[in-house]
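Quick note, the sequences are listed as chains A and B, same order.
At position 108 of the first sequence the residue is numbered 108 (my numbering), and the sequence of numbers has no breaks.
At position 289 of the second sequence the residue is numbered 1289 (my numbering), and the sequence of numbers has no breaks.
Treat each hint with caution, since some may be false.
Here are the simulated DSS-like cross-link-like pairs (lysine-lysine), alpha carbons at most 30 angstroms apart as the crow flies [what the hints assert, rightly or not]: (1) Lys75(A) with Lys26(A); (2) Lys1084(B) with Lys141(A); (3) Lys133(A) with Lys1296(B); (4) Lys1298(B) with Lys139(A); (5) Lys134(A) with Lys1150(B); (6) Lys1296(B) with Lys141(A); (7) Lys134(A) with Lys1298(B); (8) Lys1304(B) with Lys133(A).
What the hints contain is simulated information worked out from the structure, not anything from laboratory work.
Computed from a predicted structure; not experimentally measured.
Chain residues, written in single-letter form:
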Amino acid sequence: MFTATSNFLKKSSAFYSITRNFSQIKIPLPEYQVHNFNIKDLPTETTTNKEELLEYYKDIAGLRRMEVTMDNLYKQREIRGFCHLYDGQEAICLGIEKACNLDDCLITAYRDHCQARVRGYSVHQIMAEMMGKKTGATKGKGGSMHFYRKAGNFYGGHGIVGAQTPMGVGLAFALKYKQKPNIAITMYGDGASNQGQLFEGANIAKLWNLPCIFICENNQFGMGTSNERASANTTYFKKLDMANVPGMLIDGHNVFAVREGMRFAKKYAIENGPVCIEMKTYRYHGHSMSDPGVTYRTREDVSNIRKTKDCVNYIK
Amino acid sequence: TALEKDSTAAVFGEDVKFGGVFRCSLDLNEKYGDDRVFNTPLCEQGIAAFAIGLASVGRTAIAEIQFADYMYPAFDQIVNEAAKFRYRAGSAFDVGALTIRSPYGAVGHGGHYHSQSPEAYYAHTPGLKVVIPRDPVTTKGLLLASIRDKNPVIFLEPKALYRASEADVPVEDYELDLHVAEVVHPGSDVSIISWGSQIQVAMQAAKMAEEDGISCEVIDLQTIFPYDWETLAQSVNKTGRCIITHEAPISGGWAAEIAAKIQQKCFLRLESPIERVCGYDTPFPRTHESIYMPSKWKIYEAIKRSVHF
């Protein structure tokens, strides 16, 4: 933990030589629940400082702002087609990026605007893409669901639920084959956790010890169906136990918990093989823009989470 | 109606309990209860296989796949299991009581995965029937007939018409014969064959042609396979010109099959080459949808080409 921070300090001292306020802040991490890991190996606290916090705040508030703007644009019919917003879940993709780098491959499903942003696209490119302009990220052809960036090793952006998970295993295989010290971050949702192809991928990943991190973003609902009504097993981080993949549960609202958990998992995956991480989170909007998000949960639920757990406010 | 009359019938799929994403199953759960109208988790292959299992013991299984574009995880179950069940079991068992309903087709903003027309993949599988209605009245008749038909049926519903189409539908139980192609608009110069939401487009093109003095006969195929080629042949023998139109990509689309059959049956009566006005051979585009779609203008041009050949 200290090495990371002191590296950061070395970098920032060049920029902030006039600032003397480097007070380090200790952040205790919420305890991670694990499955087939030794809990003692996991980090219990991390440190940060004012500059880092400001940087994170700028990033995460930017993501939040971007998503809310998409909402408005969609309602003005500037964005057509489908639009699945990520607000409420921003800490996850930000935390992942802070723990990893652009040489790690990332693949996810259709709720991908923030991933596209942290993997290097400008807000302008993202918005242009969603509006179907050719200045957009994928030349306007993909739209909201299909962002890809070769320079950022971002492999999309997929419409069919669960289809991206075995592809992530393929990415991990390529990384291992090319002997790179990197991982494939394979993201999916709680709804996708019941897809057969996920287990097929996990089995292969474990058999061949591939550096693949399966991340289940559990936002409590698969479109309109709550976890209990869709899954016989709602401990998503244990679900890949069928393939003997060890699991971790992380509070997805806490960007530091995400960051440190990912750091640990990345190191583990490169040495030992696949890991399954469940990130507990919440999405404020409905599944997509055509879903008001209130038929399957109450407004109180949503505003309650906003008040108590909102990831942007947490950094504040 | 099927639920009412057939006590073994069950409707299930993703989100059908609250009414479904297109409100197709609205209020059914309240009326018939959880053991007959219920949700499944997000697993298309599971839904299809579950439906096949149900049907093989004789219960009427009406499965819904939320969008036709999502049917592919279930493709193996449908093609290898459902279609071949009776054949390989020597009629000891069959899944005739199976119907899989799914919305298909372009809707204006669907993009790659909410707009596909997969009828050709399933029509090419012997053992399955593929049925596509064009409006609410035919939907009710064809759906009831499909559910009661003793063969597995893939029932594709044009999603563009869920909200756009209104008609007075008779309340009582009625079925439409599954093996009849309906002549929607009689004419004498050109036969236009189509199905689903494309029928409306064909009708618009026919109207445009009428102003030029060309009389078009528009036929709704209704059952894609096995299809009523006699009605089609009768029409083309009368008019001598044929246009087939559908949203799916042109190469290997179902129009190709019909064209081959018609030229075989009506060769000497054809006055011009059979035209196919279909989608291009690309993935269904999001931004370029209006360019991709076989619009009334494209059909109109094909009509003119046929007549002036």
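- Message: For Lys1296(B) and Lys141(A), compute the direct alpha-carbon distance and say whether it is at most 30 angstroms.
- Response: Holds, at roughly 24 angstroms.
- Is it true that the CA of Lys75(A) sits at most 30 angstroms from the CA of Lys26(A)? 42 angstroms, violated
- Item | Straight-line alpha-carbon gap Lys1084(B) to Lys141(A), limit 30 angstroms | 39 angstroms, violated
- Are Lys134(A) and Lys1150(B) close enough, with their CA atoms no more than 30 angstroms apart? With a Cα-Cα distance of about 51 angstroms, the restraint between Lys134(A) and Lys1150(B) is violated, given a limit of 30 angstroms.
- Message: For a C-alpha distance cap of 30 angstroms, please report whether Lys133(A) and Lys1296(B) respect it.
- Response: Holds - the C-alpha atoms of Lys1296(B) and Lys133(A) are around 26 angstroms apart, at most 30 angstroms.
- Message: Please verify whether Lys1298(B) and Lys139(A) have alpha carbons no more than 30 angstroms apart.
- Response: Holds - the C-alpha atoms of Lys139(A) and Lys1298(B) are around 27 angstroms apart, at most 30 angstroms.
- Satisfaction of hint between Lys1298(B) and Lys134(A), Cα-Cα up to 30 angstroms: The hint holds at about 26 angstroms.
- CA of Lys1304(B) to CA of Lys133(A), is that 30 angstroms or under? 35 angstroms, violated
The structure is inconsistent with the numbered hints 1, 2, 5 and 8, although it conforms to all the rest.
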